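If you're matching positions, the sequence shown starts at 1220 in the numbering used here and goes up one per residue.
No lab work stands behind these hints, which were simulated from the structure alone.
Hints are not guaranteed to be accurate.
Derived lysine to any residue pairs resembling SDA-like cross-links, with alpha carbons at most 20 Å apart [said to hold, decoys possible]: (1) K1451 <-> L1351; (2) K1360 <-> E1330; (3) K1432 <-> K1245; (4) K1374 <-> K1461; (5) K1241 <-> P1346; (6) K1425 <-> K1241; (7) K1334 <-> L1353; (8) K1451 <-> A1427; (9) K1437 <-> F1400; (10) K1374 <-> E1285; (11) K1332 <-> K1367; (12) K1332 <-> L1317; (13) K1249 <-> Y1265; (14) K1394 <-> L1454; (15) K1332 <-> H1309; (16) K1425 <-> K1367; (17) K1431 <-> I1417; (18) K1332 <-> E1307; (19) K1241 <-> V1301; (20) K1394 <-> L1351; (21) K1241 <-> I1297; (22) K1246 <-> K1374; (23) K1245 <-> E1285; (24) K1456 <-> E1412.
These numbers were taken from a predicted model, which means no experiment stands behind them.
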Amino acid sequence: LVIDEIKLWGREANEQVANLIKSRYKKGLKVSRVNLLKEGEDQVEYFDVFGPLVICTTEPLPDIIESRCLTFLMKENIEPDVEKTIDEEHAQKLRNLLTIFRLNQLDKGFEEKEKVARRRLNEILIPLHRCLMLVAPDKEKEFKTTIKEIEKIRKEEAGLSLEAEIIEAITEYQKDEKRSFILTAEIQNRLNEGREAIRDQITAWKVASLMKKLGFIKRRERGSQKRGYDIKSELLKDLQVKFDLEKKVLNPEDQVEPEFNLNNENMTE
């Protein structure tokens, strides 16, 4: 399925297509639709929409959808041959070969393989990896190299996020004050240092929202009505590793090796 120039968020966004995309990357996820030709409970129908999907757009993708995608920058075409009219006879031969391939594999299933990435990225890559090992296993090393590059980019982007700024601010506060409790206002003030324009200022509500997302629990400071968060050392260390901040903020003996490393000796030659 190819979707070209679709708006997925903001005004005039196609929410139904957005919901389809959110559920298409993983087997077993379903989307619901209302069939007006039926009545009562039978109107609601559920569909398994798992399958390959290509999205071509000049619009920015919402974070929730981008996290389910492998993104590549489209380049301007410089090959005139690509612009030729499609050879329908050759195209039909390709369709026939793909149909035969699907029929041959219909009841065979796929052999379980070792993980090639972690978390959501691994879920996206499982179908691609299994198909690759079926048709071109000699390309696995090249495939893993590409994944390594994608993971590096994602980790760098995460390190530049507001969540990463919060973890860095908490770490610096703990170093300065030697305390295991931090006020919401303290985080907000540290984040807003250097943000002179009002529109760029981080609100207390935004801080609270992101702190909850990161796993911190809000409570009142003892002896006052001010609100803040306990700094759990294990949680903080895990987040420092997640946002690639451990070399900057952890002592060498406290640094943690990544749980999954594509540089290890298990890569297929």
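Against the structure, the hints:
1. K1451 <-> L1351: Status violated; Cα separation ~43 Å.
2. K1360 <-> E1330: Judged against 20 Å, a Cα distance of about 18 Å means the pair holds.
3. K1432 <-> K1245: 23 Å, violated
4. K1374 <-> K1461: 8 Å, holds
5. K1241 <-> P1346: At roughly 16 Å apart (the allowed maximum being 20 Å), P1346 and K1241 satisfy the hint.
6. K1425 <-> K1241: 25 Å, violated
7. K1334 <-> L1353: Given pair K1334, L1353 holds - Cα atoms ~16 Å apart, limit 20 Å.
8. K1451 <-> A1427: 16 Å, holds
9. K1437 <-> F1400: 10 Å, holds
10. K1374 <-> E1285: Since the Cα atoms of K1374 and E1285 sit roughly 14 Å apart, the hinted pair holds (cutoff 20 Å).
11. K1332 <-> K1367: 17 Å, holds
12. K1332 <-> L1317: 23 Å, violated
13. K1249 <-> Y1265: Holds: K1249 and Y1265 sit about 6 Å apart, inside 20 Å.
14. K1394 <-> L1454: 16 Å, holds
15. K1332 <-> H1309: 34 Å, violated
16. K1425 <-> K1367: 32 Å, violated
17. K1431 <-> I1417: 24 Å, violated
18. K1332 <-> E1307: 37 Å, violated
19. K1241 <-> V1301: 31 Å, violated
20. K1394 <-> L1351: 48 Å, violated
21. K1241 <-> I1297: Violated, because 33 Å separates the two Cα atoms, which is more than 20 Å.
22. K1246 <-> K1374: Judged against 20 Å, a Cα distance of about 26 Å means the pair is violated.
23. K1245 <-> E1285: Given pair K1245, E1285 holds - Cα atoms ~14 Å apart, limit 20 Å.
24. K1456 <-> E1412: 24 Å, violated
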